[in-house]
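Once you've looked at the hints, dock chain B against the given chain A.
Quick mapping for you: the protein sequence lines, in order, are chains A and B. To get the working numbering, take the position in the first sequence, counting from 1, and add 7. To get the working numbering, take the position in the second sequence, counting from 1, and add 834.
One should not assume that every hint holds.
Part of the chain B face toward chain A, derived, beta carbon under 10 angstroms [stated by the list, open to error]:
1. G857
2. L860
3. D924
4. M929
5. N930
6. L933
7. R943
8. A946
9. R973
10. V996
11. D997
The calculated EDC-like cross-link candidates involving lysine to aspartate or glutamate, where the alpha carbons are at most 20 angstroms apart (straight line), are [to be verified]:
12. B/K1169 / B/E1118
13. A/K491 / B/D838
14. A/K370 / A/E399
15. A/K370 / A/E389
16. A/K482 / B/D997
17. A/K73 / A/D45
18. A/K482 / B/D981
19. A/K491 / B/D953
20. A/K370 / A/E385
21. A/K36 / A/E61
22. A/K29 / A/D120
23. A/K75 / A/E144
24. A/K174 / A/E233
25. A/K491 / B/D1029
26. A/K29 / A/D94
27. A/K174 / A/E266
28. A/K370 / A/E453
29. A/K370 / A/E446
30. A/K73 / A/E153
31. A/K482 / B/E1022
32. A/K482 / B/E976
I should point out that these hints are in silico values taken from the structure, not numbers from a laboratory. Here a beta-carbon is modelled for each residue, glycine too, at the ideal position from N, C-alpha and C.
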Amino acid sequence: MVERIALHQTRLHTPGLSLDSKGVALGAKGLILLPSIDRLVMLLAAYTREHSLEHIVPSLAMNLLKSKLGTREITFEFAAESSDRMDRMAEIARLVGGIAFTGTSRHFVQYRDSTAPFGYDASHLVSTEAPYALYHERFSQTYDIERRIDLRTLLLRLMPRVDPSTKLEPGTRFLVTEQGLGPAAVQYLVRSRVEGDVCVAEWPEESALDDSPVRRWVMRIPQLPERMRQLVHTTPGITCFVPASPGVVVESGYRHPVELRACPVFDPAALVFLRGGGGDPWVIDRVAPMAPLSTFARFEMRTKGEDAAVAVRTTQAAITQVPVRVVPSNARWRDATATLIAPEELPLFRRLAYALPRAVVAKARIAMTTRGAFVRSEAGIESMPLGSFFVEIHPNFYLPAGYRVTPALAPDVVARAFGAPPSQVVFVGTDGQAWTVEERAFSTLESVLLEAPSWEPLAAQAIEQSLSEALIELKVVAVGPVPKLVDDAATKAGG
Amino acid sequence: METDVDAIALRLFQGVMAPLVLGGSLRPGRAIGTATARALGSVASMPPVDPETIARVQRARVRRARLLVPIDDLGPPSAAEWVLAGALHDLLQSMNPQLATFRRGAAGRLVALARRTVDSVGAPRSVRETVSRHAWFARLLEVTRTDTTVSWWSERRVFLGVDPPPRLQAWPGLRRVRVTRSSRRLLELAPLAIDRELAVDVLGRFLARTPLTDLATCTRTEPAFTWASATLALVATRAGRTIGMRALARLPDGEVDAALGRATRDALVKNRHAASPALELLAERAIAEALGHGGMAAGTPPTEEATFARGVGAAAALRILEGPESGWSADDRRKLRGILATWSVTNTGVAALANDERRRLLRILETRPETDGRER
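Bound-form chain A, shown alone (with noise of 0.2 angstroms):
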């Protein structure tokens, strides 16, 4: 049986069990007894929700026990690593109705709970070959090994479960068809320009009536459209897999029980296919080279005819280039956003300067060339009533407005067509001739609007500090003669 384990006691009877930093009773390794195999289940189901086993799969043994009066129960023994591992396993064990048990080598005792929060210790330990010996408050039990439980196996004999949200899943899914309906569905995503690799990957024969390995096509789709998922869901001989971790697959409309992501126990190079209904899993140990879906493109050969006609000589190609026009336009011009106004207009321009609102001036942009000057405005170009309009049919490049470019070519072909650099803005007036302006020659208008106003320095001058009052400082001055008192007392008498 065991007892408790009490605040500040250091001496424990368990062979292999000490307390850690925060005094509890921890063995090197940790035990958690089931009562059956879907408990098993359970508790790996549970834990790889939100843990990953892969620190703990270097440690894991699973074994099926048998105590000596015939009960068989399984055993999760990992490496307790610390108290916080142990406390969260010994949660999941309470969910699912398993006990938490903590030792190094064969006795175990039963670990912590809420009663004794440091732990229990045996207080009489069982004197046994049994590899495992069990403490609990409620029983002492020894078990053999019946047999051990390998997790891969295991977790290759669940059968998925039906979920059909797996179907609606983005993401990569694995074609398996079967040999005669291989090249077929391969044409078929190849003309549907899917993309995609394929191999054929062969299994033994499944009876002794077959005399040859069954082959399958196996097809990796990265992206399958969303029109032939009904295809490849209900079209017989097409199984359609979910990847499920690196290695592992699951059929489309199954899940797992356990999150396999969690469970690093498959060969990424390999490809283990879990099929649902109770099919056995499809495994390749070494998936072979995959091919692009467009390497199996069918093809035909030319039957008819020389193998080649060969040319006897070349010539130049015959020129026939044309000249651009610019021929005034029915359709209703728009968005002009720049203007030339001539130099006779100019003074006109000075005088609408005034009458300007401070969002077009802010905005308009001007450059003075011998032809006049040439105004753009993002904004629109319409409150400025004067010059001649231009729109931009292409960055940098401007056509009269109400006008268009024969032959009707793309405005980037005829921008491209007159071959002026970026820097450049082109500026075609009616008559077809170009010009052209230095983007960087145009200054915002509200920078060159003005005439520098002239001004007059004018000097401050100092203010007299008047109400600040100077030092009365006393200088040292000659006395002289000094008056003697009569003389001085008899001029006053006098006076």
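Same frame as chain A, but now just chain B:
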């Protein structure tokens, strides 16, 4: 001996009177004497100085006067002001360090002449004249002398009130020249050819001739403030008391109370009836403090004299409040009486005094003056 009165007046104005108002170098010259000073009184007008200087001096005087009273014109120096300026001139020259070695007798004569000159001047005859004198001599105690010590690698020389020659300050780095300047106030000057107490006495007499200046500098260390007859006469009038209150309001309250308390106690001991204007002034200060206008600085324990001044003022204020001419409403009277009663001299102020002096003062205070609050 210089006899041209106009020339002396010009020199006195430019050397003493104008700098005393405007600041700058104050340069007293040859001794003036009582007779000449009195003769200056006959000038009673502005000397022939450039108009700009006169305008600046008058503006500064008006500005000084307007700190206390709204006045626009103070006029030229009066006869008494010329005489007082001459006396001040001689007093300053009696403290000339050049006389301290071989001319101690001359210095003694000069201070005696200055005293005689001051005594020849009467008290101001009106508040306007008081303000005018104050406008001339308000900065009297601000006069300082700069003494310069020049030391170099081999020698050290002291220059009292004169600028050291530039040649002694040449090549400061090479000669390791070091110049130290220190400012000394008027009564801190040294060496003196005369007895220092004599100079303090003359200065006190001088201040007694310009009562507003006397009151406005009552917190000075020397000469200690006493209630001179001219000062009492000033605060005996309604206008003079108002101006005096304004002048005192520009000083630290605790120091003012201490100075007034000390002077009032002495005045009460000497002559109870003559000191009644001082009691009225203290009474008004106590009422003002009770109403929250000014008062002792918080956090500084009041001195014995300050407590006495407030207690005496409170007692006098209580008599005023109960008097028939009191203009206070019944509510105000009751409120003030409640505050002043706790300050009254019967509770606190005199308790700190010696028993015999306390009895004497209480007897004096209980004696009702014959002409309290008289106007002049």
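So, going through the hints one by one against the coordinates:
With a cut of 10 angstroms, the hint placing B/G857 at the interface with chain A holds, because the nearest CB-to-CB distance is about 3 angstroms. Annotation: B/L860 was flagged as interfacial toward chain A, and the flag holds, the nearest CB pair being 5 angstroms apart, inside 10 angstroms. Proximity of B/D924 to chain A holds as hinted, the smallest CB-CB distance being about 9 angstroms (cut-off 10 angstroms). Look at B/M929: its Cβ gets to within about 9 angstroms of chain A, closer than 10 angstroms, so that hint holds up.
Because the smallest distance between the Cβ of B/N930 and any Cβ of chain A comes to about 5 angstroms, under 10 angstroms, the interface hint for this residue holds. Restraint check, B/L933 versus chain A: the minimum CB separation of about 6 angstroms is within 10 angstroms; hint holds. With 10 angstroms as the threshold, the beta carbon of B/R943 comes within range of chain A, its nearest partner Cβ sitting at about 5 angstroms, so the hint holds. The closest approach between the C-beta of B/A946 and any C-beta of chain A is roughly 6 angstroms, which is under the 10 angstroms cut-off, so the hint is satisfied.
The beta carbon of B/R973 comes within 6 angstroms of a beta carbon in chain A, closer than 10 angstroms, and the hint placing it at the interface holds. Against a cut-off of 10 angstroms between C-beta atoms, the interface hint on B/V996 holds, since the closest Cβ of chain A lies about 5 angstroms away. About 8 angstroms separates the beta-carbon of B/D997 from the nearest beta-carbon of chain A, less than 10 angstroms, and the hint is met. A hinted pair counts as satisfied when its Cα atoms are at most 20 angstroms apart, and B/K1169 with B/E1118 qualifies at roughly 15 angstroms.
Taken as a hint, the A/K491 and B/D838 pair is honoured in the structure, with Cα atoms around 18 angstroms apart against an allowance of 20 angstroms. Distance restraint check for A/K370 and A/E399: the Cα-Cα separation of roughly 16 angstroms lies within the 20 angstroms cut-off, and the hinted pair is therefore satisfied. This hinted pair checks out: A/K370 and A/E389 have alpha carbons roughly 13 angstroms apart, not beyond 20 angstroms. Between A/K482 and B/D997 the CA atoms are separated by roughly 9 angstroms; this keeps the pair inside 20 angstroms, and the hint holds.
Distance restraint check for A/K73 and A/D45: the Cα-Cα separation of roughly 17 angstroms lies within the 20 angstroms cut-off, and the hinted pair is therefore satisfied. About 10 angstroms separates the Cα atoms of A/K482 and B/D981, which keeps this hinted pair within 20 angstroms; it holds. Restraint check for A/K491 and B/D953: satisfied, since their Cα atoms lie roughly 18 angstroms apart, inside the 20 angstroms limit. A C-alpha spacing of about 7 angstroms is found between A/K370 and A/E385, which places the hinted pair at or below 20 angstroms, so the restraint holds.
In summary, the hint linking A/K36 to A/E61 is supported, as the alpha carbons are separated by about 16 angstroms, within the 20 angstroms threshold. Proposed proximity of A/K29 and A/D120 is supported: the alpha carbons are some 14 angstroms apart, at most 20 angstroms. Restraint check for A/K75 and A/E144: the C-alpha separation of about 19 angstroms stays at or below 20 angstroms, so the hint holds. Using a Cα cut-off of 20 angstroms, the hinted pair A/K174 and A/E233 holds, with the two alpha carbons roughly 10 angstroms apart.
Between A/K491 and B/D1029 the CA atoms are separated by roughly 19 angstroms; this keeps the pair inside 20 angstroms, and the hint holds. Taking the CA atoms of A/K29 and A/D94, the gap is near 12 angstroms; set against the 20 angstroms cutoff, the hint holds. For the proposed pair A/K174 and A/E266, the alpha carbon gap of about 17 angstroms is at most 20 angstroms, so the pair holds. Using a Cα cut-off of 20 angstroms, the hinted pair A/K370 and A/E453 holds, with the two alpha carbons roughly 8 angstroms apart.
With a C-alpha separation of about 15 angstroms, the suggested pair A/K370 and A/E446 falls inside the 20 angstroms cut-off, and the hint holds. Under the criterion of a C-alpha separation no larger than 20 angstroms, the hint pairing A/K73 with A/E153 is consistent with the structure, at around 6 angstroms. Restraint check: the Cα-Cα separation between A/K482 and B/E1022 comes to about 15 angstroms, which is no more than 20 angstroms; the hinted pair holds. Taken as a hint, the A/K482 and B/E976 pair is honoured in the structure, with Cα atoms around 14 angstroms apart against an allowance of 20 angstroms.
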